[in-house]
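Number of protein chains: 2
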Amino acid sequence: MSQDSHDRADMTDAEFRMALAQVGDWVAGYREKAGSMPVLSRIAPGDIEKALPMDPPALGEPVAMWLKDLEEIILPGITHWNHPGFMAYFGITGSAAGILGELVSSAINSNGMLWKTCPALTELEQVVLRWYASAIGLPRDWFGMISDTASTSTLVALAAAREATGLNVREEGLSGKPPLVLYCSEEAHSSVDKAGLVLGLGVRGIRRVSSDMALRMRVDALESTIHQDLSEGRRPFAVVATVGTTSATAVDPVPDIAEVCKRHGLWLHVDAAYAGSAAIAHEFRWALAGCDQADSLVVNPHKWLFTPIDCSVLFTRKPEMFREAFSLVPEYLRTDVHGAVDLMDYSFQLGRRFRAIKLWFVFRYFGTEGLAARIREHVRLAQAFASWIDAHPVMERLAPAPFSVVCFRIHPRGTDDEAELQRLNASLLERVNAGGEVFLSHTKLKGRYCLRMAIGNLQTNMHRVQRAFHLICETAGLSS
Amino acid sequence: MSQDSHDRADMTDAEFRMALAQVGDWVAGYREKAGSMPVLSRIAPGDIEKALPMDPPALGEPVAMWLKDLEEIILPGITHWNHPGFMAYFGITGSAAGILGELVSSAINSNGMLWKTCPALTELEQVVLRWYASAIGLPRDWFGMISDTASTSTLVALAAAREATGLNVREEGLSGKPPLVLYCSEEAHSSVDKAGLVLGLGVRGIRRVSSDMALRMRVDALESTIHQDLSEGRRPFAVVATVGTTSATAVDPVPDIAEVCKRHGLWLHVDAAYAGSAAIAHEFRWALAGCDQADSLVVNPHKWLFTPIDCSVLFTRKPEMFREAFSLVPEYLRTDVHGAVDLMDYSFQLGRRFRAIKLWFVFRYFGTEGLAARIREHVRLAQAFASWIDAHPVMERLAPAPFSVVCFRIHPRGTDDEAELQRLNASLLERVNAGGEVFLSHTKLKGRYCLRMAIGNLQTNMHRVQRAFHLICETAGLSS
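Chain order of the listed sequences is E and P.
Counted the way the numbering used here counts, the first sequence spans residues 10 to 489.
Counted the way the numbering used here counts, the second sequence spans residues 10 to 489.
It is worth saying that the hints were derived from the structure and are not from the lab.
No copy is singled out in the list; a pair is fine if it fits within one copy or between any two copies.
In silico lysine to any residue, SDA-like type, Cα no more than 20 angstroms apart, as pairs: (1) Lys453 - Glu340; (2) Lys327 - Gly146; (3) Lys453 - Tyr341; (4) Lys327 - Ala349.
Same shape as in the complex, but just chain E:
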């Protein structure tokens, strides 16, 4: 299957089966051993670039050679998101079922830009997203579509919101229009800002509303900012509420924000990328309260639903606004199929891979009860960790921990200078992460630097979380 392959186009069936066995063996082995490697890669910038040839091979090479380089050159450069000690950002899991789904979808390799170009892709996506909506308690008649990342979902939603102003931005553009303004809390994700920049609002058109002590958007501040913008001739058009902020998983008061949006005629987009999936467990349904009033909502199965990256879901009750913003059918894509949805009409992206399969496999493998049980377990682990922090005399939590993320720091008695506390904690973080057993991240909450422990990997268990706590104490020179 190497140099002699000129006389045929691709691997034969026998060669493919053999290669799949070889690569599958590597993959299974990797899954087994990921947890015993340093979670955070230890290479220096440029190490991998230097180890690889400057030029591509002129002639094909056998699978064993690719796997050798994968093992020897690439593997040391991987930060293992699969590691049970990966507790940074939002811990995620590419579950076995999800990986198998990705394999199937890459083999089918269809592009679902139109219903006709792969009816199963469009229809399975609709079915699985109805499953998902009903599993987390959203209206099951909402329209859903999958894209790569929440950055894209939010961008597309805000483009629909911009169109919904009635200012005819699609036809006339933003030049000559009043400045549009978008609102989110100071704790909102950077993807909201980036969407605003792409859409041509400018930094000036993005208001980060202050949050309360629990890091939730202050509705009074939202209301007064809107009033000020209106009085100064600007045109408010959308609010992004967050259910599970990135730093501390705070939940904005969506029902109250929805009231404000209704009063002012603003589009309400909810960023539930992380915490939306928690609602599969009934005791976390509260997190999505009021979201049935939203115009659109994003939730990412690749965050906390055990689906390999990338898989972001956008739900909306106003699909027609997405069509108004985006539908544009050139001759070569015209079809005469009636009663079918062409997903390309709802976004700027034409190409669409068959991402629904992996999400379907995830639901089939775990079932909703299995998914809820695992979400519950992650929350249980995080709550245990939070309780140890709370009980420790030299540690403190800096935010409520409603889900599986805990924000905390060491705070030695007598040290109250924030700069000094930041130095102490940043140094602690660096030393803990250098050990290779766990990988935590950090953030700042109300200007205070803190460490972040985020649980979301299926392999993380109580033993590992205890070990993380002991490591932190040991490294800080504290008893645990």
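Add chain P to chain E, keeping to what the hints say.
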């Protein structure tokens, strides 16, 4: 691995290996039989939705059940882009090597938003894109990054172009600025329009310049449109030239367009999504002539480089403009790694999966000579088909065929009414596609309806192309 799985988090190693064998067997079998199924799915809208349960399972189900549904419910709804008779849109191939790469990347499941979050992801992407650039004759010091689709690549490039105007759009937004104008040919892809809409230019800010008889952008028309816009107070800022248009694979005169851009200070973005890969074969290097003068260029390995969807590559010689448009680092993503590229700074998308692996495997399996040989073979097949059309008394080609796409129609003597010719050819297309052996698409060129045969699948061979020609003739009641 089903109902009894509550006591553990995910499949065990043994279960995963077993499941991978089952799913792998289905995948290999699918690859073998795809060519013997009807290429175009025959289901009616709603068939799959009706066949699947309304609700997700509460308890997990065994792999065999997912595979049964995949085979019985999903498979009939697939339009087989893997079929050797798939000659619609741009024919593509998810090669064996590409599928294996996708399997590895889904198992690693890292997110390369920052260098630190998976150094190997960032560095392999840089290395493989340098391979790619040098293989197609682009400057190897250009900066490259992978995204999902050309729609995204073009959107991101035009956002950088908008920033390069010096109008400070990032800070101030488009309101109050002069109307910005973007240029492309009337044959440019719809993704250019969609990017313009997202960016807030409006339909009015997108000029589709007329093309010459060979469907290439008319540089004189470009120049005069720019002059008119300038004289009317608008602000030209970018031109999108196409190397391999979607309808007829025409190549815009990039060197001349680059001159115009230089004269007027416009950003030149080249859409070489399809034809760029052809330049791996030296005799097609001409297609990218002048592209070294471009500011950015998109080329899609998932089109004609045998890489499973999605994999779109954006090259640029001005990465700093992408940073100026997009860089925005919240506290929780700050790192202290020096000398490393954080790819999130160059786009609006934060999440980034490890797409470089599949492209790396494709280069390793085929080698550049193997890739060039297969490109050549596809062109040879298309040229043979074109010659049969040219030799046939009742058929005609409607455009040059520089690569692997042929635009043609039947044109019976005496029938010169365009509406009648469209009816004849649309009916022919429908009947040919209904047979299930081939799937062709259509387009309109200079207002004339025509059929499009596009070769890009590795399984397509001379026998299949001959069969397509005979089928078309037979169906039209013509001798072949």
